[in-house]
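Chemist: If you want the building blocks of each chain, they are given just below.
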Amino acid sequence: MKAAPFAFIRAESLDHVLEQLARHGGEAKPIAGGQSLVPMMAMRLARPALLVDINRLPELKTLEIGPRRVVMGATSRQRDIEENAALNRVVPLLREAVRWVGHVQTRNRGTVGGSLAHADPSAELPLAALVLDATLVLRSQAEGQRRVAATDFLIAPMVTATGEAECLAAIEWPVWEGPGVACAFEEVAIRHGDFAMASAACQLQLDAAGICRRAAIGLGGVAGTPLAFPDLAAALLGRRIEPRLAHDIAEEAAARAEPGSDPHADAEYRRHLAAVLLRRALLRAAAGVPAMAAA
Amino acid sequence: MSAPTSPLATVEIVVNGTRRRAVVEPRTTLVDFLRDHLGLTGTHVGCEHGICGACSVLLEGDPVRACCLFAVQVDGMSVTTVEGLAPARGQLSKLQDAFCEAHALQCGYCTPGMLIACHDLLARNPHPSEAEIREAIGGNLCRCTGYQQIVDAVKLATGQGAAHG
Numbered sequence: 001m002k003a004a005p006f007a008f009i010r011a012e013s014l015d016h017v018l019e020q021l022a023r024h025g026g027e028a029k030p031i032a033g034g035q036s037l038v039p040m041m042a043m044r045l046a047r048p049a050l051l052v053d054i055n056r057l058p059e060l061k062t063l064e065i066g067p068r069r070v071v072m073g074a075t076s077r078q079r080d081i082e083e084n085a086a087l088n089r090v091v092p093l094l095r096e097a098v099r100w101v102g103h104v105q106t107r108n109r110g111t112v113g114g115s116l117a118h119a120d121p122s123a124e125l126p127l128a129a130l131v132l133d134a135t136l137v138l139r140s141q142a143e144g145q146r147r148v149a150a151t152d153f154l155i156a157p158m159v160t161a162t163g164e165a166e167c168l169a170a171i172e173w174p175v176w177e178g179p180g181v182a183c184a185f186e187e188v189a190i191r192h193g194d195f196a197m198a199s200a201a202c203q204l205q206l207d208a209a210g211i212c213r214r215a216a217i218g219l220g221g222v223a224g225t226p227l228a229f230p231d232l233a234a235a236l237l238g239r240r241i242e243p244r245l246a247h248d249i250a251e252e253a254a255a256r257a258e259p260g261s262d263p264h265a266d267a268e269y270r271r272h273l274a275a276v277l278l279r280r281a282l283l284r285a286a287a288g289v290p291a292m293a294a295a
Numbered sequence: 001m002s003a004p005t006s007p008l009a010t011v012e013i014v015v016n017g018t019r020r021r022a023v024v025e026p027r028t029t030l031v032d033f034l035r036d037h038l039g040l041t042g043t044h045v046g047c048e049h050g051i052c053g054a055c056s057v058l059l060e061g062d063p064v065r066a067c068c069l070f071a072v073q074v075d076g077m078s079v080t081t082v083e084g085l086a087p088a089r090g091q092l093s094k095l096q097d098a099f100c101e102a103h104a105l106q107c108g109y110c111t112p113g114m115l116i117a118c119h120d121l122l123a124r125n126p127h128p129s130e131a132e133i134r135e136a137i138g139g140n141l142c143r144c145t146g147y148q149q150i151v152d153a154v155k156l157a158t159g160q161g162a163a164h165g
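Top line first, the protein sequences correspond to chains A and B.
With our numbering, you'll find the first sequence wraps up at 295, consecutive numbering, no jumps.
With our numbering, you'll find the second sequence wraps up at 165, consecutive numbering, no jumps.
Simulated from the structure, these hints should not be mistaken for laboratory data.
Bear in mind the structure is a predicted one, so any value in this text is a computation, not a measurement.
Any given hint might turn out to be false.
Unchecked claim - FRET-style restraints, in silico, Cβ to Cβ:
1) B:39 / A:151: 49 to 55 Å
2) A:147 / B:125: 38 to 44 Å
3) A:151 / B:87: 37 to 43 Å
4) B:83 / A:147: 57 to 63 Å
5) B:106 / A:133: 48 to 54 Å
6) B:89 / A:62: 56 to 62 Å
7) B:144 / A:262: 50 to 56 Å
8) B:143 / A:58: 41 to 47 Å
9) B:12 / A:147: 53 to 59 Å
10) A:16 / B:106: 46 to 52 Å
11) A:141 / B:83: 43 to 49 Å
12) B:75 / A:142: 54 to 60 Å
Every residue gets a Cβ at the ideal spot worked out from N, C-alpha and C, and that includes glycine.
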């Protein structure tokens, strides 16, 4: 299994990338970590005529941690996210999500932007971006900069709002201000590191009395894109996250999913998993229990 | 609109401390570069799409899958392969020796990738728990051992208990 022939350019700047994408349209493809693109090229599911390597561009590796948001360069490595304590304090769901992504060898290369741009419906980082209402910053020569909400960015399996001449440059992660922010990411896969059969994520803000004041919840792997449920999250507000409430919200969310079937798990099993995982995530976040080192 | 043609590229990397250079097609993966162009056949080609881990090498000290990288991407960088883990020619590292002692290999296909993964683990964490060992080799498939002897070997190399059998 070898990739079809292609031409290769190592980009010297983001402008250089955008110029190449503008000139060659859909024949050119940016390559970052390559952990999805290279296997797809090996299987000839992708046959770009030109690869533009964006790995060595410092402007795509920036990380600005502000009081209201974190602006993360698109080629930030998953492994760096995992190990950045300052980032994990302000956007804790990222650490929770990334520990489920692949393995050490793939996280050393795989990037946050690459995972979002690939948009596998079972992938963890797109679900985290949707739940947290992240904003994706797209750049192109013609339009300059375009900011797209995760909900508008993730269109269908492996389909995003990115145009042929656009390059994902940065991701803006909202920071939840104030105390009592807790989150959890739960998943079931055949083996740890495989894509999820189903996954669930939540971020909550609880006051000193344990009452939920802010909430965001979502499911992955059970539809063509990850799913968020703002109305169900709103139903948690002003209430204590108790088992009955967590169960009811999780069941309702799972009922709205549209899971597919494959030889490993049929649709009803995925729906069952989704409900169990979201209930677990809500209760674990509400109890403030951190993720285990290796689940 | 036509994309440029695919000219050959010169790739120069430092492998196991030695500067090496070859002229390759851009589509040549790092693992094919190491094996076919540099003659370093210790690193194995398994699935060629990032699943089995047999092709793992250290890139700038960090473990990566050499089938999911094109050689042109790593021009100028340093790579350590399984051939570079032993302290000297004809010797074995403590970990390699433990793999022999604990019967951590049968067919040997996964072994270079397992050694790279475990070498990286011990470099970061000299006294890993069993769960940490299992997580570290989670990206490497072995179809012979059932993994237990590999876990035992890492424990043996870190002075935690004797091997089975």
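Chemist: Is the hinted range of 56 to 62 Å satisfied by the C-beta distance from residue 89 of chain B to residue 62 of chain A?
Modeler: 44 Å, violated
Chemist: So the hint says 46 to 52 Å: do the beta-carbon atoms of residue 16 of chain A and residue 106 of chain B match that?
Modeler: 49 Å, holds
Chemist: Verify the CB-CB distance for residue 83 of chain B and residue 147 of chain A against the hinted window 57 to 63 Å.
Modeler: Distance hint for residue 83 of chain B, residue 147 of chain A is violated at roughly 48 Å.
Chemist: Take the C-beta atom of residue 141 of chain A and the C-beta atom of residue 83 of chain B, compute their distance, and say whether it sits inside 43 to 49 Å.
Modeler: With Cβ atoms ~45 Å apart, the hint holds.
Chemist: When you take the CB atoms of residue 106 of chain B and residue 133 of chain A, is the distance between them in 48 to 54 Å?
Modeler: 50 Å, holds
Chemist: Could you see if the CB distance from residue 39 of chain B to residue 151 of chain A stays within 49 to 55 Å?
Modeler: For residue 39 of chain B and residue 151 of chain A the Cβ distance comes to about 52 Å; the hint holds.
Chemist: Given the hint of 53 to 59 Å, is the C-beta distance from residue 12 of chain B to residue 147 of chain A inside that range or not?
Modeler: For residue 147 of chain A against residue 12 of chain B, whose Cβ atoms are near 40 Å apart, the range 53 to 59 Å is violated.
Chemist: Hint says 50 to 56 Å; check whether the CB-CB distance for residue 144 of chain B and residue 262 of chain A agrees.
Modeler: 28 Å Cβ-Cβ, so the 50 to 56 Å window is violated.
Chemist: Is 37 to 43 Å right for how far apart the beta carbons of residue 151 of chain A and residue 87 of chain B are?
Modeler: 55 Å, violated
Chemist: State, for the Cβ atoms of residue 143 of chain B and residue 58 of chain A, whether the hinted interval 41 to 47 Å holds or is violated.
Modeler: 42 Å, holds
Chemist: Could one say that the CB atoms of residue 147 of chain A and residue 125 of chain B fall in the range 38 to 44 Å?
Modeler: For residue 125 of chain B against residue 147 of chain A, whose Cβ atoms are near 40 Å apart, the range 38 to 44 Å holds.
Chemist: Can you let me know if the beta-carbon spacing of residue 75 of chain B and residue 142 of chain A is within 54 to 60 Å?
Modeler: With Cβ atoms ~31 Å apart, the hint is violated.
Checked against the numbered hints given earlier, the structure breaks hints 3, 4, 6, 7, 9 and 12 and satisfies all the rest.
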